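Could you slot chains V, S, A, B and D onto chain P? The hints should help.
Protein chains: 6
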Amino acid sequence: MPRKILEEKLRLMLAEDIGQGDITTAAVVPSGLRVEAAIMAKEAGIAAGIEETVILAENLKLEVKAEVADGEEIKNGQSIVKISGDARTILSAERTILNLLSRMSGIATTTRNLTGKLRSARLKTKLACTRKTAPGLLYFDKKAVQIGGGDTHRLHLDDLILIKDNHIAVAGGVAKAVKSAKQRASFSKKIEVEVTKVEDAVVAVEAGADIIMLDNFSVKQIAKAVTQLKKKKVYGKVLLEASGGIRENNLVKYGQAGVDIVSIGELTNSVKALDLSLKIARIK
Amino acid sequence: MPRKILEEKLRLMLAEDIGQGDITTAAVVPSGLRVEAAIMAKEAGIAAGIEETVILAENLKLEVKAEVADGEEIKNGQSIVKISGDARTILSAERTILNLLSRMSGIATTTRNLTGKLRSARLKTKLACTRKTAPGLLYFDKKAVQIGGGDTHRLHLDDLILIKDNHIAVAGGVAKAVKSAKQRASFSKKIEVEVTKVEDAVVAVEAGADIIMLDNFSVKQIAKAVTQLKKKKVYGKVLLEASGGIRENNLVKYGQAGVDIVSIGELTNSVKALDLSLKIARIK
Amino acid sequence: MPRKILEEKLRLMLAEDIGQGDITTAAVVPSGLRVEAAIMAKEAGIAAGIEETVILAENLKLEVKAEVADGEEIKNGQSIVKISGDARTILSAERTILNLLSRMSGIATTTRNLTGKLRSARLKTKLACTRKTAPGLLYFDKKAVQIGGGDTHRLHLDDLILIKDNHIAVAGGVAKAVKSAKQRASFSKKIEVEVTKVEDAVVAVEAGADIIMLDNFSVKQIAKAVTQLKKKKVYGKVLLEASGGIRENNLVKYGQAGVDIVSIGELTNSVKALDLSLKIARIK
Amino acid sequence: MPRKILEEKLRLMLAEDIGQGDITTAAVVPSGLRVEAAIMAKEAGIAAGIEETVILAENLKLEVKAEVADGEEIKNGQSIVKISGDARTILSAERTILNLLSRMSGIATTTRNLTGKLRSARLKTKLACTRKTAPGLLYFDKKAVQIGGGDTHRLHLDDLILIKDNHIAVAGGVAKAVKSAKQRASFSKKIEVEVTKVEDAVVAVEAGADIIMLDNFSVKQIAKAVTQLKKKKVYGKVLLEASGGIRENNLVKYGQAGVDIVSIGELTNSVKALDLSLKIARIK
Amino acid sequence: MPRKILEEKLRLMLAEDIGQGDITTAAVVPSGLRVEAAIMAKEAGIAAGIEETVILAENLKLEVKAEVADGEEIKNGQSIVKISGDARTILSAERTILNLLSRMSGIATTTRNLTGKLRSARLKTKLACTRKTAPGLLYFDKKAVQIGGGDTHRLHLDDLILIKDNHIAVAGGVAKAVKSAKQRASFSKKIEVEVTKVEDAVVAVEAGADIIMLDNFSVKQIAKAVTQLKKKKVYGKVLLEASGGIRENNLVKYGQAGVDIVSIGELTNSVKALDLSLKIARIK
Amino acid sequence: MPRKILEEKLRLMLAEDIGQGDITTAAVVPSGLRVEAAIMAKEAGIAAGIEETVILAENLKLEVKAEVADGEEIKNGQSIVKISGDARTILSAERTILNLLSRMSGIATTTRNLTGKLRSARLKTKLACTRKTAPGLLYFDKKAVQIGGGDTHRLHLDDLILIKDNHIAVAGGVAKAVKSAKQRASFSKKIEVEVTKVEDAVVAVEAGADIIMLDNFSVKQIAKAVTQLKKKKVYGKVLLEASGGIRENNLVKYGQAGVDIVSIGELTNSVKALDLSLKIARIK
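Sequence order for the protein chains is P, V, S, A, B and D. Numbering follows the numbering used here, with no gaps: position 253 of the first sequence is 253. Numbering follows the numbering used here, with no gaps: position 284 of the second sequence is 284. Numbering follows the numbering used here, with no gaps: position 99 of the third sequence is 99. Numbering follows the numbering used here, with no gaps: position 219 of the fourth sequence is 219. Numbering follows the numbering used here, with no gaps: position 101 of the fifth sequence is 101. Numbering follows the numbering used here, with no gaps: position 191 of the sixth sequence is 191.
Just chain P, same shape as in the assembly:
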């Protein structure tokens, strides 16, 4: 995303936190004082949000030097970004920067951990997030997943036809829903269908779906579904996504059962922030 558009999103975040002004720095920090500060990791993880930090800091006329890039590993105690400039500005923006950086790094850290398990098991299965993000943070949450090695899935409601249970209910069945989508949607979009039974998967593929989401299937059910889809000569023609009930401890088994993608809503809606802090290192 071009920097100019990110700047505006970041400015709004900062503005909310500032309110009518940072009364503490105004009362305690001398005007015009220049300092050097460092953002320090208080636990290990994967860096994400570094680009945003640099943009916000530069936009506030601060000098900033990223010491790790987005996607790199960071160790407990490591300095990850150096910021210098006007002390009041740094202290007023500190929390906004840390909130974004620690959320994005938290997401990237979990994502990397889980994709690492799939890679260790020599699986090509993709790990995807969903649209279950913090409200208003779709862009940042999905970018953090991508930095962690995950797949962003739908970016929002306009880039993939994803037919879920409620759509099927109002459309009058899987076949009708997919045919309607096939007929009315742009050729430039893929069509994914959420199913709860293998038979519906077959129907969906025959109606023209590109991706099948097996919703809340256990590992055993996935395996059985794969067998049936192979029998129907459908397996391999479309992508298979497993969703629902997938956790760190069964992720690899889902992958081994034969799906192309596993998706986990908790990646972005139950985030554990990475512990970071900002320290004034030197008063110039």
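Careful, some of the hints might be misleading.
[What the hints assert, rightly or not] The calculated DSBU-like cross-link candidates involving lysine-lysine, where the alpha carbons are at most 35 Å apart (straight line), are:
hint : chain 1 : residue 1 : chain 2 : residue 2
1    : V       : K182      : P       : K61
2    : S       : K42       : A       : K253
3    : B       : K82       : V       : K65
4    : D       : K42       : B       : K182
5    : B       : K42       : D       : K164
6    : B       : K253      : B       : K176
7    : V       : K232      : V       : K197
8    : P       : K182      : P       : K224
9    : A       : K176      : B       : K65
10   : V       : K233      : D       : K224
11   : B       : K182      : A       : K197
12   : P       : K237      : S       : K220
13   : B       : K179      : A       : K231
14   : S       : K230      : A       : K279
15   : P       : K237      : S       : K197
16   : A       : K117      : S       : K272
17   : D       : K164      : B       : K82
18   : D       : K279      : B       : K230
19   : P       : K182      : P       : K231
20   : V       : K176      : V       : K253
21   : A       : K272      : S       : K253
22   : S       : K232      : P       : K237
23   : A       : K253      : A       : K117
24   : S       : K182      : P       : K237
25   : P       : K117      : P       : K232
Just so you know, these hints were derived from the structure itself, not from any lab. In this text, all values refer to a predicted model and were calculated from it rather than measured experimentally.
Showing chains V, S, A, B and D alone in chain P's frame:
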């Protein structure tokens, strides 16, 4: 907050998710179809975000009926909000509504759980959140804490003088920082000071602080600090807040050690969303 | 797109035109006067923008009744929308409404005319627009194309990988570009590649492209390309889009030559507005 | 208009096109790659939108060099703007820049063509546009007309009293409408009145109008009106504007018939975009 | 100005005052309590801002009944607006409403007082304000002047050519400046020129100016100027505006000296707010 | 407040004044002309708004040099800011800059005058403003008060519990209102109560108020109240604020009567702007 201002915040959240339009409902759901839907809890917890859900739904010209109020307990399987109206609108707004409702309810649930422990121990200690929220969600995260029975602490940077380590560093010590604040800040604001040593607490109180934050003190250190503050005849004159390292399993001990407030950043920056879903109940 | 989001887009259009207020109505039209008005067609065409007109008018607290629906044919002299309410409001909003309605109807009319030619020739070829719209009017221009029976193609830059000449240049060739996209893009997006030679089409398909855009191919060149792709057993495996140099008089030939989609930038960047006007019919 | 205000308008146009990010450049173009690009004319015309292109490009931290100025002639094949910098940024902004530049240049080209005809006939008649622009593009459309040598007419609803048929209908006649305007409007604004009969022109002038718009008069009717206005000693005291039915082939005749201004809605609502493209010239 | 656009301006004013929420009403006023309130005048004056009050209150879902209309006289102790509905909402919006209403009414009161003096002296001289308003309040300040019977003068920078000293300096003299404006500006705009010497007035009129502003002329100098302009047969051909040094006590003399307009910056930049308050009258 | 957030507020002020563009400079001032200008004081006072002027000018790519700092005295005839750069930009922004600078300086001048009287009388009494500002200008008005040596009081509705007559009425009395606030509001906020009788002051203090506002008390009543509060041993435990009826001529007496704060709404709602002008000093 007046409804009109909330409406705009909610509209922006929805707009981000919609992008250029919900291509799935446009392709699959008949125009003009009217349905009834219910938001169902898939686990027990405390409801929060109900007011926002009602406002957003009404603003989208949907009929909405809250079946629980903010702050009430909800059971697994319970229907918490009924929404009826245009099917396309309901399905396009579903995820935005659920994302906000499940985040706020998740925060309220954890907060209620922790304040419950303090109440069970017959403590008056307040549980507070911090400014460590999801970026841009200060208002909603803090409101959810309040619904759960917690204290919102600072709403943003303009409503409390909170002098932290970095401020003290640039101001040249605790006494100087507090005196500067006392002199330059409005009479209408309280002054809080973060200290890492009991001696600094005494200095801060003598310089005019209203609240002392004991930063990263163990329970044992808190107890010792209280003893010393009593000796200095300072205890009871100001509010004491403990912050850092406080968890479900030691929370009560911190309260028993004699602080007025315990604050926990994880309440709002490491949220576990409450599991909710929306189901179309009836096609009219 | 949910009404609430459209309202804001429409409000901004109106606000630009109003400036500091409509000084003519303030000086000439009595306050509180209520009138009935009609939007009349001054030439035949296809209606588009009716939904937007209704939303804007209702949002201004006017009563509005659409006499044709989006996508319906309108005749010269036909009344297409009735609006009644405060005279000043109607006259102040007249031009904004007509500008949107006449642009969208103009686009829909041309699109319907061209898709009609394809249908008359019993072709299934889709007619698509491009991102060559009036700046800032992507949503409305593409919606008008859709109403006219065309395909919206990409809605913006985030919903289809479309690798064009410049991308290929910097990526170092077609194969490299497609492989990079295949590896780094989400599974939920299709990949389209623009080529100027048939050989590149084959390369792109083999690398995993879903759609091939044959750029500036004459009808003869398209026919030759189809032959070669059939020989390579690639034809039918991917969608073929012809783009560049396509006009009303050769459109059908392009379709007959075997492409799935023909796309025309002029549909949205060289629009002829449909001639409409608003008349006060009755002063109450 | 000060650059800072333009920047925001341009940022919004870009943001709409970007959505959640340009997934093609992210997937295909290496991060940090620097290139040189040129915007090339694919047909001859008059440049307009150059200032906007420079502002948007500089605002995106690109280096930009305009090779023609707004209002200058450009030839088929000519390079008109050179842009260099980050490849991803250039490719993501390419379409927004070209859309604005080709629309504005298209408008300026047509305007110059028509004003040229008036000048060749040695007429001082001004060619004006109307408020019939693309919705939301008033500023850019009118600026392009001005660059092409046309008159912007009203910039929006607050800078000229323009009493049209509907106003006259609700005000109860031409005389009443103009008197009301004369009495209630600021001295700083001119008053224009649209009439369909010569008698009304005389009434309007006597009531104090500054400009008369002869609406949908044929050339013959204009000539006759001029004769009558001369007889009434009104000709020359006010400006005369002809509007409706004016085209390239009768424009000069309208001018010769004695009006001061001819206005044409199609200048801005039925625009033919100038064909331009952007080419990566060199990878650094 | 259409209500919808005013609503947004009023919403932003309210939002600034609310911050993260009205903590007093939240803590003290029961949720759901309904009350009746009245806005009372604590001094006599002219009402202005009533329309805005009604719009804001209705927009907040309050019932509102204006007891005086904009422009009517109000007496000390009079109830001017009745508002009923949710107590929290009324109390949270109280200050925003009163601030706007008391500023606008203060402006209207002073304006009416001064225009009354001109009318009593049987002068047709118009009293105008300038662009010296509170920053960001151009629309409301000028509307209040109009309600008080004054002339709004320029609404902003795009609706009148007003050539002032600095413009003349850079243009190289009055004649050059006016000629340049005449040639380059739209026919739809008037041209006003600020002069400090009578000779320049003559030059300006001859070059085509529509209005002459006599800047900082004493009453005596005005009279002398009028004599000279009559001698030059220029008087009556253009409008004359006196500006600078005009006060309540010399206003009539300026009018008698023969100018068409007197303008006073203090009308809008040195406002005395009318004293108003809101009282809860009844708890339902 | 960080510069980036101020920039946006200032941009919006400028944008309102510009409308569709400054047609005077476009018509009269050559493009690209560079000049030097100075903002001159036409009366003595205290500078405020200098920081905002610098930010806006720099943001418009002008060179700017403040010759006085916010809070410094300025003399009649003194040059206070030098601005150089593009002539069109300077002239288009002139009025927006002067409007803000003259309002803020006017507020600071009055505030300094009044605080000076308190200091001369060797009083420590603080002079505070209220929320009675120009609508939408809370931030700038309060900052100007602070620059003039006054206290900002509440910044908006979220930073102090201020229980006024209407709140007390709906809450059912002073004691109930304060207890409710004490119980429900965050520990981080002070509680102020407005009273009209001394007895209520005692009740409020006993219920836990931090500040008592004596509303519309005469100096004599204040003195009596202080005596009673001393008798009740309440004096000195809380802050006392006098509000209502305080003017330049009785301000010192209020201070001497024993209150800690005097507050005056007119400081910000009945502002006399400082007279300033901008002159082009040199054409480069």
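Legend entry - Hints breached by this structure: Violated hints: none at all, because every hint is consistent with the structure.
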